[in-house]
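Student: Residue numbers (my numbering), protein chains in the order written: chain A, 283 to 732; chain B, 401 to 486.
Computed list of lysine-lysine pairs in DSS-like fashion (alpha-carbon distance at most 25 Å, straight line):
id : chain 1 : residue 1 : chain 2 : residue 2
1  : B       : K418      : A       : K669
2  : A       : K567      : A       : K645
3  : B       : K418      : A       : K691
Quick caveat, the hints were computed from the structure, so don't treat them as lab data.
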Amino acid sequence: MLNLRRRIQDLPGGNPLVIDSRRAWSARDLLENLDGEGDAYKGWRVAIQTSDPARLLRILIQMDGVAESMLLIPSSCPPPLVSELMRKSGSSILMRDAHEAPPPYAPLVPVENTQESPPPTLTELEDSRETRWILATSGTTGTPKLVAHTLASLTRTIRMPKPGIVAVWGLLYDHARFAGLQVLLQSVLSGSTLVCTSPEDSMESKLALLAARGCTHLSATPTMWRRIAMSSDAGSLDLEQVTLGGEISDAKILSILSETFPRARISHIFASTEAGVGFSVTDRKPGFPQSWIDQPPDGVELAVRDGRLFLRSSEAVPGYVGTDQRLATETGWIDSGDSVAFDAGRVIFLGRANGVINVGGDKVHPEEIEALMTSHPEVVAARAYAKPNPITGSLVVVEITLLDPASDKDRIGCELRRLAETSLERHKIPAGIRFSASVPPSESGKIDRR
Amino acid sequence: MDNDLRSRITAVFSDVYKAHAQTASSPALSDESVLMAVGLDSLGFAVLVFQLEEELGYDPFTLSESAYYPRTFGEFVRFYEENGPC
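Next up, chain A with everything else stripped away, as it sits in the complex (with noise of 0.2 Å):
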């Protein structure tokens, strides 16, 4: 099979692939001084924590084809889930920037050596393998889980651009998480120009970069959108692809877009970490046509029961890495874990079936907030939920039921505002603090979602 390598060596034309604030790297520049250092790594699974796209692209080329496994972590991620995540992989390097940074394009050096995991005697070795790419979801409550990939499943939906035509696209995704992963691996096997944003910088400072080096195509969160249309740099931007993913696109964000970028082909993609990239939809509807149950989009089924929506992809299922817990059912099926209704010849999203609440892209379990809030003396039950919002999909409130109902209602409020801000991340933090006389439980005594 062909590797990240080769795949690059064989890509037509010389134009940049990757550029950023401060430089442009071609093919060439991208495989350049790779030659036989990957050798040395044959077999071993590796992690690579690298807040340069360009950085990581390079150790991907190297590694892919020639390690047994490279475990991709998020640059944010802290030293302590490091390590977990590199014991949950069995990965016994890794490779990250180093604390001094000199300028991004210093040659990579390996950095720590875990032991934890010892490499591979080399009698255990064949000649080429398939990497797996290990990723992690976003989790919220504890370890983030970890998927294998493999490159193939990774690009199976790659679309190639017309001849002729050289598309340029914006990263502001994450390069180490799926979405961006997916985008970088998009532009860079299509042979398109691929613009990296700072993560520090403004959205206007990315913006204006992006406007700058002539984007065309760019995918990012509805939530990511909606800043995008309200910006004034957006009439700057000649987009030819608008790609929504990451959490449900509505009615309002679709039409805002269509008349924003009116050149543009706008899809919203379903995809998740575990399922792979899912499904696309290009009628600037809501959903999906209900007709795809039973006559699918490319390489996947869809199914719906007990109102959740499930999939089944025509290639391997990844795998969870590091837990016993299955990722598919024996025939195949995921589980998206999504609540979905039929609406009028439609599919529609209604949210996380576990109640799970979306906040800008990030997740929020409401089980965590109520812990918090439980775990104050005078409050007895408490219920988050997520609460519609125009910005970002929803925002966090809760519902409390106090021991003493005629407690002051103002100062347990301050008290329990204090509490969520001290202890909480921002977009977990709740928008309202609600009192009610009672939190009815379901049948089975636990809190009903729906």
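Place chain B on chain A using the hints.
Tutor: Same frame as chain A, now just chain B:
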């Protein structure tokens, strides 16, 4: 322009800004101030719209049928004026 509505919106903006930026003061807003450049990110904006709904009793983004997002503070206030209950 309805000055009472404008001053209520400005007051809520100030509260939300100070809470998010953890500062004692918030930037002064003029009609021309570009919303996405005043220092609130998407989450801050979401909370602003939420708090305004608590304060004013309605959310024009949800009520309005048109595919429109205000870009400046002046447009924002007008958006609230035009979509408020009669």
